[in-house]
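Participant: Residue numbers (the UniProt record's numbering), protein chains in the order written: chain A, 1 to 271; chain B, 1 to 271.
No lab work stands behind these hints: they were computed from the structure.
Check each hint, because a few of them may be wrong.
If you only want the chain A side, here are some residues facing chain B, beta carbon under 7 Å, derived [what the hints assert, rightly or not]:
(1) Leu50
(2) Gln53
(3) Pro54
(4) Thr87
(5) Leu118
(6) Thr119
(7) Glu127
Each residue gets a CB set at the ideal place from its N, CA and C atoms; glycine is no exception.
Number of protein chains: 2
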Amino acid sequence: MCQLLGMNCRLPATIDFSLEGFQARGGLTDEHKDGWGIAFFEEHGCRIFLDHQPAAHSPLLTAIRAQQIKSRNVIAHIRKATYGEVTLRNCHPFKRELWGQSWIFSHNGDLHNFHPVLTGRFTPEGETDSERAFCFIMERMAAAFPKATRDNPPALDDLYSLWQTLADEIAAFGVFNVMLSNGDILFTHCSTNLAYVERSYPFTQVTLIDSDVSLDLNAHNSREDRMVVIATKPLTRNEHWIICEAGESLVFKDGLPLLGSHLHAKKLLAA
Amino acid sequence: MCQLLGMNCRLPATIDFSLEGFQARGGLTDEHKDGWGIAFFEEHGCRIFLDHQPAAHSPLLTAIRAQQIKSRNVIAHIRKATYGEVTLRNCHPFKRELWGQSWIFSHNGDLHNFHPVLTGRFTPEGETDSERAFCFIMERMAAAFPKATRDNPPALDDLYSLWQTLADEIAAFGVFNVMLSNGDILFTHCSTNLAYVERSYPFTQVTLIDSDVSLDLNAHNSREDRMVVIATKPLTRNEHWIICEAGESLVFKDGLPLLGSHLHAKKLLAA
Numbered sequence: 001m002c003q004l005l006g007m008n009c010r011l012p013a014t015i016d017f018s019l020e021g022f023q024a025r026g027g028l029t030d031e032h033k034d035g036w037g038i039a040f041f042e043e044h045g046c047r048i049f050l051d052h053q054p055a056a057h058s059p060l061l062t063a064i065r066a067q068q069i070k071s072r073n074v075i076a077h078i079r080k081a082t083y084g085e086v087t088l089r090n091c092h093p094f095k096r097e098l099w100g101q102s103w104i105f106s107h108n109g110d111l112h113n114f115h116p117v118l119t120g121r122f123t124p125e126g127e128t129d130s131e132r133a134f135c136f137i138m139e140r141m142a143a144a145f146p147k148a149t150r151d152n153p154p155a156l157d158d159l160y161s162l163w164q165t166l167a168d169e170i171a172a173f174g175v176f177n178v179m180l181s182n183g184d185i186l187f188t189h190c191s192t193n194l195a196y197v198e199r200s201y202p203f204t205q206v207t208l209i210d211s212d213v214s215l216d217l218n219a220h221n222s223r224e225d226r227m228v229v230i231a232t233k234p235l236t237r238n239e240h241w242i243i244c245e246a247g248e249s250l251v252f253k254d255g256l257p258l259l260g261s262h263l264h265a266k267k268l269l270a271a
Numbered sequence: 001m002c003q004l005l006g007m008n009c010r011l012p013a014t015i016d017f018s019l020e021g022f023q024a025r026g027g028l029t030d031e032h033k034d035g036w037g038i039a040f041f042e043e044h045g046c047r048i049f050l051d052h053q054p055a056a057h058s059p060l061l062t063a064i065r066a067q068q069i070k071s072r073n074v075i076a077h078i079r080k081a082t083y084g085e086v087t088l089r090n091c092h093p094f095k096r097e098l099w100g101q102s103w104i105f106s107h108n109g110d111l112h113n114f115h116p117v118l119t120g121r122f123t124p125e126g127e128t129d130s131e132r133a134f135c136f137i138m139e140r141m142a143a144a145f146p147k148a149t150r151d152n153p154p155a156l157d158d159l160y161s162l163w164q165t166l167a168d169e170i171a172a173f174g175v176f177n178v179m180l181s182n183g184d185i186l187f188t189h190c191s192t193n194l195a196y197v198e199r200s201y202p203f204t205q206v207t208l209i210d211s212d213v214s215l216d217l218n219a220h221n222s223r224e225d226r227m228v229v230i231a232t233k234p235l236t237r238n239e240h241w242i243i244c245e246a247g248e249s250l251v252f253k254d255g256l257p258l259l260g261s262h263l264h265a266k267k268l269l270a271a
């Protein structure tokens with residue numbers, strides 16, 4: 001099993017504070033010591049950093065954190081190998097290009113006997129069930145919107161609807177807690193463990209669960225900032241984390257949850 | 001314009017010494033200060049590190065060098081922007097997946113009015129002529145060998161023949177000094193500037209041109225090691241660098257040049 005960390009923001013922000021707690025889980029406060037990866041969508045580009053060494057003791061991760069990279073969408077992953085070699089090609093997040101955009105994918109859980117027929121347009125490089133699921137999703141998205149381009153993307157409602165269908169279809173094969181982003185939107189699906197917290201002005205002081213460190217978010221954000229942090233398990237002790245429901249698919253944009261089945265139900269109840 | 005650095009080895013080796021001279025050209029001994037990138041093929045995986053800051057002053061590049069990553073194929077690039085924003089999505093090397101393998105591409109030179117019709121399977125994320133050329137190559141390779149897989153790749157002769165055709169076709173649009181690798185083989189094409197040096201047992205002491213540093217290659221390599229280092233311009237002063245000819249396409253494998261038109265001509269002369 002693995003742990004996931006994601007962030008979706010209105011304006012570029014650093015994820016460093018959350019990453020500190022997350023890094024500790026990579027071999028220090030938790031057992032996820034078989035590699036880590038983090039993808040940053042920065043202005044007009046995407047970078048992935050991968051390592052098969054434990055996150056907690058990685059000089060590379062420390063160097064990256066020191067850069068204080070600002071990003072609107074981040075997906076990070078620490079791994080505890082259940083099967084499959086501890087090797088780079090099995091490290092999440094995975095990346096593929098579709099419609100002239102980078103798509104980034106990360107998965108927590110196991111799928112059993114998930115061997116979809118793939119056309120060859122997107123082919124796994126490694127052996128993980130996760131990368132197979134990602135290639136399957138990319139193929140189905142490409143097939144559903146054959147004329148889409150970066151400048152003429154599918155309507156968000158249509159894409160979200162397809163995401164729900166695909167996530168449900170794959171989740172039938174096992175545990176499928178996932179994040180998928182193209183740098184603009186961030187999709188999630190929860191089978192068992194996923195939680196998120198919304199942050200906006202006025203920001204508060206928050207304290208990490210995994211190390212005794214506090215941060216005054218007010219000092220690091222402006223009135224215009226707004227963000228959602230998503231993780232396998234809550235990272236801070238004094239914030240209102242929302243625990244995702246089993247089977248719930250969400251989409252985050254501009255630092256807000258949108259269109260989720262859960263939210264949709266809430267809206268219907270409120271109406 | 002930009003500078004390229006590549007390495008193709010029989011056994012995994014570090015490129016750190018060559019990288020030291022190359023890093024100096026990224027804003028210290030030369031003017032290539034608009035970002036850098038390096039791709040390492042490691043056992044069963046590929047990592048790219050990208051930065052839009054000058055290589056010479058990059059803490060990230062220093063941290064990467066400290067890791068002493070061992071690799072059989074490396075492609076690195078430092079950029080002096082001639083047109084196109086200094087932004088991450090325009091940083092080389094570029095990466096795409098084909099046949100379940102990572103393919104890495106880097107280009108030095110400018111292409112004029114190169115706007116091939118692309119089917120959409122491989123679409124540029126940035127604005128560079130380089131990434132357009134890469135997508136064009138990937139599409140043509142995919143189309144030429146539709147049944148190829150990682151376990152059943154095209155014959156090297158056939159792939160090299162296609163590489164020559166494609167490189168000639170693209171080079172007609174301008175200057176096309178390039179490197180392309182799938183982690184096993186490394187293709188090059190030279191329009192104006194490209195040179196390589198072969199290293200094998202017994203290794204010698206070599207001295208960098210760009211900084212007054214020497215290295216005894218014997219201390220760092222064994223009898224079984226064999227490698228080729230390829231660069232825009234020779235990196236060391238006391239080795240036999242072979243300057244590529246204009247229009248020459250080469251392929252390197254296991255630390256040796258193979259099948260090159262130049263070598264082929266030499267072989268014919270010798271026969």
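Participant: Indicate, hint by hint, whether the structure satisfies it.
Facilitator: Results for each hint:
1. Leu50: Cβ of Leu50 (chain A) sits 6 Å from chain B, so the hint holds.
2. Gln53: At about 9 Å, which exceeds the 7 Å cut-off, the nearest Cβ of chain B leaves the hint on Gln53 (chain A) violated.
3. Pro54: Constraint on Pro54 (chain A) not satisfied, violated at 14 Å.
4. Thr87: This interface hint holds because 5 Å falls under the 7 Å limit.
5. Leu118: violated, 10 Å
6. Thr119: violated, 10 Å
7. Glu127: violated, 9 Å
When held up to the earlier numbered hints, the structure conflicts with 2, 3, 5, 6 and 7 and fits the remainder.
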